[in-house]
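Using the sequences plus the hints, can you model the full thing?
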Amino acid sequence: MNRTYHRNETTGKRLGMVGVGISTLVFVAWSVWVVIPPFFDLASRVSAPVWSAGDHAMLVASLGMSGITSSGSLAAEHEALKAQVQALQNENSALREQAYAYTELLTRFGRSLNDVKGGILAGVLSTPPQSLYDTIVIDAGLGSGVTEGMLAYTNANMPIGVVARVNVFSSVVELLSSPGKRFEVVVGTVSDVRAIAEGQGGGNFIIRLPRDTAVAAGDPVALPTLLPEVIGYVAVIDVVPTDSFQTIHFRLDTSLQHLQFVMLRSYGVNIFVSKQIPAPAFSEVGTGKVAQ
Amino acid sequence: MIHTYFFRAVFDVLLLGSVFFLSWWGTLMFCVIGLIFFPLYVEVMIAGVLLDVLFGVHGTGIMSFPIVHSMIAIVIYGVSAFIRTRVR
Numbered sequence: 014m015n016r017t018y019h020r021n022e023t024t025g026k027r028l029g030m031v032g033v034g035i036s037t038l039v040f041v042a043w044s045v046w047v048v049i050p051p052f053f054d055l056a057s058r059v060s061a062p063v064w065s066a067g068d069h070a071m072l073v074a075s076l077g078m079s080g081i082t083s084s085g086s087l088a089a090e091h092e093a094l095k096a097q098v099q100a101l102q103n104e105n106s107a108l109r110e111q112a113y114a115y116t117e118l119l120t121r122f123g124r125s126l127n128d129v130k131g132g133i134l135a136g137v138l139s140t141p142p143q144s145l146y147d148t149i150v151i152d153a154g155l156g157s158g159v160t161e162g163m164l165a166y167t168n169a170n171m172p173i174g175v176v177a178r179v180n181v182f183s184s185v186v187e188l189l190s191s192p193g194k195r196f197e198v199v200v201g202t203v204s205d206v207r208a209i210a211e212g213q214g215g216g217n218f219i220i221r222l223p224r225d226t227a228v229a230a231g232d233p234v235a236l237p238t239l240l241p242e243v244i245g246y247v248a249v250i251d252v253v254p255t256d257s258f259q260t261i262h263f264r265l266d267t268s269l270q271h272l273q274f275v276m277l278r279s280y281g282v283n284i285f286v287s288k289q290i291p292a293p294a295f296s297e298v299g300t301g302k303v304a305q
Numbered sequence: 041m042i043h044t045y046f047f048r049a050v051f052d053v054l055l056l057g058s059v060f061f062l063s064w065w066g067t068l069m070f071c072v073i074g075l076i077f078f079p080l081y082v083e084v085m086i087a088g089v090l091l092d093v094l095f096g097v098h099g100t101g102i103m104s105f106p107i108v109h110s111m112i113a114i115v116i117y118g119v120s121a122f123i124r125t126r127v128r
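Sequences listed follow chains A and B, in order.
Under the working numbering, residues 14 to 305 are what the first sequence spells out, in order.
Under the working numbering, residues 41 to 128 are what the second sequence spells out, in order.
Treat the hints with caution; some may be incorrect.
Partner residues aside, some chain A positions facing chain B, computed with beta carbon under 8 Å [stated by the list, open to error]:
hint	residue
1	Arg27
2	Val31
3	Ala56
4	Ser60
5	Ser65
6	Ser144
7	Tyr146
8	Phe182
9	Val185
The set of hints was computed from the structure by calculation and includes no laboratory data.
A virtual CB, placed ideally from N, CA and C, is assigned to each residue, including glycine.
See below:
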């Protein structure tokens, strides 16, 4: 009798503790939800100089390290850089020809490249994976004319994200690859297949298309804009015999960790859509055609 | 006693630095180490809220503000408090 009473008392205490814990959790979550947003600006004021100081420290450290490297490695680095410059010059001449063709085309239709160029330059303060969110923090805010919904481009005219939060001195850019975010893209150069890409986090995306749609590894995936704004290139195509859809995998064609500057431009409309991508019929492992 | 406070203050600075300069798992490691070595290490929750404030964007559903890091911090703090009562 006495033992049963004690057991009931202990169970009651435990249930009470669990109840108190859950109540505390809910209360703290609610408090954070209500109290924290006004501190965004304060946090941006404090954090921007800290990140800048960190960047300067890294620069000084790297300069110090370069002073103690051997002459042999410097010569090798010099050769590698020469080769890189040559490759970039070749690429540049090809792009110049392409730009000339575009200018011709735009002029015929009464548009100019200036319509689609320009924007706000911003330095990148932090890149993933500093948090569980797929976001980057930039050093331009309300004072620089940044508004929510602007697209962030890398210097190669590649869209990587959307401004999701604007503070006074900084802004938070949500990457296109944020998990669950969907937006319209054009796949391929010849067939121009329209599709919905879905972010998978960490710069990765998937597209689900009917299996008969002609898509090859290496095809560019771009936003449906006047100038082709390539996001990445098709890397892997998963085809499961029992599924009438194929799953296309691609990733941002830039290294997010080494991102230093972004260009912000208005896109005009909300880039993200709320369409659902049809789920795979079966969870079998696909054939996985990999890009060469 | 003074030593404990000193080490805790130094560790707090390191934790704060990790929020700004390390990956999230680096911060998580600092949090776990702090919870093991210091009693009532509430700085974990401050780090969680700071991560949300700095990097979070609008949440989905009823939550207008994402509190993923804050919630994780609260949970690991709660778990550590529970384990501490059991091992002593």
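Quick rundown of the hints versus the structure:
no. : hint   : result
1   : Arg27  : 11 Å, violated
2   : Val31  : 11 Å, violated
3   : Ala56  : 5 Å, holds
4   : Ser60  : 6 Å, holds
5   : Ser65  : 11 Å, violated
6   : Ser144 : 4 Å, holds
7   : Tyr146 : 5 Å, holds
8   : Phe182 : 13 Å, violated
9   : Val185 : 5 Å, holds
Checked against the numbered hints given earlier, this structure breaks hints 1, 2, 5 and 8; the rest are met.
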